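**Student:** Numbering (this note's numbering) for the sequence shown: 981 to 1174.
Worth double-checking, as some hints may not be accurate.
Mimicking DSS-like on lysine-lysine, the simulated pairs with C-alpha atoms at most 27 Å apart in a straight line are [what the hints assert, rightly or not]:
{"hint": "1", "residue 1": "1018", "residue 2": "988"}
{"hint": "2", "residue 1": "1069", "residue 2": "1038"}
{"hint": "3", "residue 1": "1069", "residue 2": "1024"}
{"hint": "4", "residue 1": "988", "residue 2": "1030"}
{"hint": "5", "residue 1": "1024", "residue 2": "1038"}
{"hint": "6", "residue 1": "1018", "residue 2": "995"}
{"hint": "7", "residue 1": "994", "residue 2": "1066"}
With beta-carbon atoms standing in for the labels, derived distance ranges [what the hints assert, rightly or not]:
{"hint": "8", "residue 1": "1128", "residue 2": "1047", "range": "24 to 34 Å"}
{"hint": "9", "residue 1": "1169", "residue 2": "1029", "range": "32 to 42 Å"}
{"hint": "10", "residue 1": "1159", "residue 2": "1107", "range": "15 to 25 Å"}
{"hint": "11", "residue 1": "1160", "residue 2": "1013", "range": "35 to 45 Å"}
{"hint": "12", "residue 1": "1169", "residue 2": "1025", "range": "39 to 49 Å"}
{"hint": "13", "residue 1": "1029", "residue 2": "983", "range": "18 to 28 Å"}
{"hint": "14", "residue 1": "1171", "residue 2": "1034", "range": "23 to 33 Å"}
{"hint": "15", "residue 1": "1149", "residue 2": "1126", "range": "18 to 28 Å"}
{"hint": "16", "residue 1": "1047", "residue 2": "1160", "range": "37 to 47 Å"}
{"hint": "17", "residue 1": "1002", "residue 2": "1038", "range": "27 to 37 Å"}
{"hint": "18", "residue 1": "1159", "residue 2": "990", "range": "35 to 45 Å"}
{"hint": "19", "residue 1": "1161", "residue 2": "1003", "range": "38 to 48 Å"}
{"hint": "20", "residue 1": "1139", "residue 2": "1002", "range": "36 to 46 Å"}
FYI, nobody ran anything at the bench for these hints, they're computed from the structure. The model shown is predicted, which means the values in this text are computed figures rather than measured ones. The C-beta atom is built at its ideal place from N, Cα and C for all residues, glycine as well.
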Amino acid sequence: MAEATHEKVLALFKKSDALLQGHFKLTSGKHSEWYFEKIRLIEKPASLDKIVDLLVDKIRRESSDFDYVVSPAYGAIAIGILAALKLGKRFAFTQRVEEKMAFRRPAYTSRPRRKYGRGLSPSDLIPFSHHVALPCTMGYDINLERLLVDKEEFLDRALAGDWIVVFEHDPDVPAARLKRDDNGHVSVREPVSL
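Let the sequences and hints guide you as you build the complete structure.
**Tutor:** Structure (structure tokens):
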């Protein structure tokens, strides 16, 4: 996103009292001085609409063809639904199930779940497909030892269950099945269209 767009987004979050400063422990276990309280945007739909317009503009400029807009529950559902509506795409979300993020579609009855297999979103643990490999981490990860233990456990379970892994922030590979090579390195085996 261009600097001017960043400033617009920050201004809209501030105007909506949705940019909080303090000490926050995030659901990923990380700590941050700042927190974007997305649920507060719902209280100010005009700001939400402007932020989603900026997001949709970026998606149209930078993303290849896709079928679904996927967002995490609950605070980002409004963002995801509005983006899907403006883009003319289907909507799905991820939700915590037994302390893990799992892929959900709003209506399971119209399509059987088994068509897609078992899916899971590692959220910020592996936000992009190129973060799959160990020991690849994000630049702002604080507790690297714990992160690598969690990531290795997640990868082992995803490989054993042949899960579809949803990369919430990846515009190029939104979901994929994984593989481990003879040297033990994990990578994308096959991208999956949602």
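**Student:** State for each hint whether it applies.
**Tutor:** A quick look at each hint next to the structure:
1. 1018 with 988: 15 Å, holds
2. 1069 with 1038: 15 Å, holds
3. 1069 with 1024: Measuring from Cα to Cα gives roughly 24 Å; hence the hint holds.
4. 988 with 1030: 9 Å, holds
5. 1024 with 1038: 22 Å, holds
6. 1018 with 995: 13 Å, holds
7. 994 with 1066: 24 Å, holds
8. 1128 with 1047: 24 to 34 Å: 33 Å Cβ-Cβ, so the 24 to 34 Å window holds.
9. 1169 with 1029: 32 to 42 Å: 39 Å, holds
10. 1159 with 1107: 15 to 25 Å: Hint holds: Cβ distance 20 Å, inside 15 to 25 Å.
11. 1160 with 1013: 35 to 45 Å: 37 Å, holds
12. 1169 with 1025: 39 to 49 Å: For residue 1025 against residue 1169, whose Cβ atoms are near 41 Å apart, the range 39 to 49 Å holds.
13. 1029 with 983: 18 to 28 Å: 22 Å, holds
14. 1171 with 1034: 23 to 33 Å: 27 Å, holds
15. 1149 with 1126: 18 to 28 Å: 21 Å, holds
16. 1047 with 1160: 37 to 47 Å: 28 Å, violated
17. 1002 with 1038: 27 to 37 Å: 28 Å, holds
18. 1159 with 990: 35 to 45 Å: 40 Å, holds
19. 1161 with 1003: 38 to 48 Å: 41 Å Cβ-Cβ, so the 38 to 48 Å window holds.
20. 1139 with 1002: 36 to 46 Å: Holds: the Cβ-Cβ distance is about 38 Å, inside 36 to 46 Å.
In this structure, only the earlier hint numbered 16 is contradicted, and the remaining ones agree with it.
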